[in-house]
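> If you want the building blocks of each chain, they are given just below.
Protein chains: 2
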Amino acid sequence: MIKAGVVGYGNLGRGVCLALEKAADIENVGIFTRRPTESIKPVTDVKVYSVSELEKFKGKIDVLILCGGSATDLPETTKNYLKDFNTVDSFDTHAKIPEYFDTLDKVAKESGKLCAISIGWDPGLFSIARMLFGAVLPDGNDYTFWGKGVSQGHSDALRRIKGVVNAIQYTVPKEAALEAVRNGENPSLSVRDKHLRECFVAVEAGADKERIESEIKNMPNYFADYDTVVNFVSEEEVRKMQQKLSHGGFVLRSGNTSEENAHLLEFSLKLDSNPEFTGSVLVAYARAIARLAAENKTGALTVFDIPLKYLSPKNDGELRKNLL
Amino acid sequence: MIKAGVVGYGNLGRGVCLALEKAADIENVGIFTRRPTESIKPVTDVKVYSVSELEKFKGKIDVLILCGGSATDLPETTKNYLKDFNTVDSFDTHAKIPEYFDTLDKVAKESGKLCAISIGWDPGLFSIARMLFGAVLPDGNDYTFWGKGVSQGHSDALRRIKGVVNAIQYTVPKEAALEAVRNGENPSLSVRDKHLRECFVAVEAGADKERIESEIKNMPNYFADYDTVVNFVSEEEVRKMQQKLSHGGFVLRSGNTSEENAHLLEFSLKLDSNPEFTGSVLVAYARAIARLAAENKTGALTVFDIPLKYLSPKNDGELRKNLL
Chain A
69 MIKAGVVGYG
79 NLGRGVCLAL
89 EKAADIENVG
99 IFTRRPTESI
109 KPVTDVKVYS
119 VSELEKFKGK
129 IDVLILCGGS
139 ATDLPETTKN
149 YLKDFNTVDS
159 FDTHAKIPEY
169 FDTLDKVAKE
179 SGKLCAISIG
189 WDPGLFSIAR
199 MLFGAVLPDG
209 NDYTFWGKGV
219 SQGHSDALRR
229 IKGVVNAIQY
239 TVPKEAALEA
249 VRNGENPSLS
259 VRDKHLRECF
269 VAVEAGADKE
279 RIESEIKNMP
289 NYFADYDTVV
299 NFVSEEEVRK
309 MQQKLSHGGF
319 VLRSGNTSEE
329 NAHLLEFSLK
339 LDSNPEFTGS
349 VLVAYARAIA
359 RLAAENKTGA
369 LTVFDIPLKY
379 LSPKNDGELR
389 KNLL
Chain B
69 MIKAGVVGYG
79 NLGRGVCLAL
89 EKAADIENVG
99 IFTRRPTESI
109 KPVTDVKVYS
119 VSELEKFKGK
129 IDVLILCGGS
139 ATDLPETTKN
149 YLKDFNTVDS
159 FDTHAKIPEY
169 FDTLDKVAKE
179 SGKLCAISIG
189 WDPGLFSIAR
199 MLFGAVLPDG
209 NDYTFWGKGV
219 SQGHSDALRR
229 IKGVVNAIQY
239 TVPKEAALEA
249 VRNGENPSLS
259 VRDKHLRECF
269 VAVEAGADKE
279 RIESEIKNMP
289 NYFADYDTVV
299 NFVSEEEVRK
309 MQQKLSHGGF
319 VLRSGNTSEE
329 NAHLLEFSLK
339 LDSNPEFTGS
349 VLVAYARAIA
359 RLAAENKTGA
369 LTVFDIPLKY
379 LSPKNDGELR
389 KNLL
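Each protein sequence line maps, in turn, to chains A and B.
Here the numbering used here = 1-based position in the first sequence + 68.
Here the numbering used here = 1-based position in the second sequence + 68.
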């Protein structure tokens, strides 16, 4: 049995605990939290420890699954965990990945530990699709579409507007753009062409809706470059929408192998729960990290470095017989 | 520069030559054929040698791309090439893969060479999708659909019927089955539910079309278990259809991470030319084999064993920066 620990218990930590229930070869040793342990009510039957107790588990946990956020938590904490444990995380600040990788690779090599960074669906499965598609169809273009799903950053931006009580923003891929790609038109797509931004906004009684809608639609970086739809709804409706954490997206590549012959490759996800699915991907890569660490590998890895067989509980012979 | 040789020059060998043109880091050293060399008119600017001349290239070719058929050619010849060269092939007789793998793994380890077997899109990219999808969503079902595309085996079966002059058979995925999977219904699908068999048949003058249609539809193994549509057309129409080598298919997996939350993963291909695309996949794996052999790896590998980064001409840092 592989022994895994779960660090952090927000939506993602909850998703990881659920995924560990479905992994017969991995034991969930415990949740490690910075909050008061008694405040955590785990979704599965698992012990809850204070994160300060982690040092007692040195040598007793094969891999820590880190469920903190990319903005401030992971860049600060992963390098410390890596001194004593192998880790897997979902670091998703694209622009900072090279720096994050280099830092952790150095720490892990020094401590003799192994980590996988940027695991999930984007970065993660979508990165695999982009890389693989480009390698097998080099003369072409690829396109990534996200949604329909909630953008936390854009929802936050809406809530900062004066008069807005609560709000949620969905990123929606534009069907016409998807179809143009699928038709092999190799279109040049602006940000406006690819995604629509759909906002559901609850405002204070008597608020100036016209002013709020105009502020949203003209907000630089967030909305000005997009077609934006603003719907005014009740607070209760926004809260209800916030319960659903569905998401998804598409990676497409179209290209040619000769003048006459074109091809289309498409990978898509439709997820009821973004954190539960991301948690499930993290668990598969936790398996890989525990196994590769047992083979004395050290340093930092990404989805590009790990042979896929390490993700599966099936042995090599079974994989060749049943899945090849 | 990686030096590659192309063994065999049918549709697949032609596709490999085209793909090598698009690989700036790989040189096409030559086509090696059993036919008279002067009968080969390569699609790209490349030398043609007799396969008997291969031994002169020992140590001068990093990887041979084998473009023979799975039925008789590859099982006989790959093990001989492996004594002196690293190889990549598209062996696709699913039932015989474990045996083929074991034989070649042994030969390659003895000779200090490396090979990748069963490379293409199925087995190949579809195997990757099945394995990866199962690992990240263990509680679910997967479905592979093929087509619309020509089945050589079924076309051959049609041509063996008395009175048939020429014929072609398309395997067509049934839209209703695809939709049921996409709707998360986790359907149990019989072979009849999944694929339709569409036949285009040219017959001798005065042939008994009713008898031929009945023979087709009741042919065990090939057609009896399917809904089969028979169209009688002219020889010329069949020949025209035989020029187009388009194919494609779908791998889908639907499953749950909790009682409430289900997910759908889908990978699809739409190919104008089956052999050109397969050739392009072979070239990416030839790159991987040449590189892994340079790291002194030996034995047999499949798509499950090879870290994806080896397929790309980009270096690790570029991949992390631009594709993760």
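Each hint should be verified, as a subset may be incorrect.
Copies of the same chain look alike in the list, so a pair counts if it works inside one copy or between any two.
To be verified - Calculated pairs, DSSO-like style, for lysine-lysine (alpha carbon to alpha carbon, straight line, at most 30 Å):
#1 K277 / K128
#2 K338 / K389
#3 K115 / K285
#4 K389 / K242
#5 K389 / K147
#6 K312 / K174
#7 K177 / K124
#8 K128 / K389
#9 K71 / K115
#10 K382 / K277
#11 K128 / K109
#12 K277 / K365
#13 K389 / K126
No lab work stands behind these hints: they were computed from the structure.
Every value quoted in this text rests on a predicted model; they were computed, and no experiment measured them.
> Now tell me, hint by hint, if it's right for this structure.
Checked hints:
no.: 1; hint: K277 / K128; in the structure: neither (57 Å within a copy, 74 Å between copies)
no.: 2; hint: K338 / K389; in the structure: both (29 Å within a copy, 26 Å between copies)
no.: 3; hint: K115 / K285; in the structure: neither (47 Å within a copy, 61 Å between copies)
no.: 4; hint: K389 / K242; in the structure: between (41 Å within a copy, 27 Å between copies)
no.: 5; hint: K389 / K147; in the structure: between (40 Å within a copy, 20 Å between copies)
no.: 6; hint: K312 / K174; in the structure: neither (39 Å within a copy, 53 Å between copies)
no.: 7; hint: K177 / K124; in the structure: within (22 Å within a copy, 44 Å between copies)
no.: 8; hint: K128 / K389; in the structure: neither (34 Å within a copy, 34 Å between copies)
no.: 9; hint: K71 / K115; in the structure: within (13 Å within a copy, 56 Å between copies)
no.: 10; hint: K382 / K277; in the structure: neither (57 Å within a copy, 50 Å between copies)
no.: 11; hint: K128 / K109; in the structure: within (24 Å within a copy, 64 Å between copies)
no.: 12; hint: K277 / K365; in the structure: neither (58 Å within a copy, 66 Å between copies)
no.: 13; hint: K389 / K126; in the structure: neither (38 Å within a copy, 33 Å between copies)
Of the numbered hints stated above, those contradicted by the structure are hints 1, 3, 6, 8, 10, 12 and 13, listed in ascending order.
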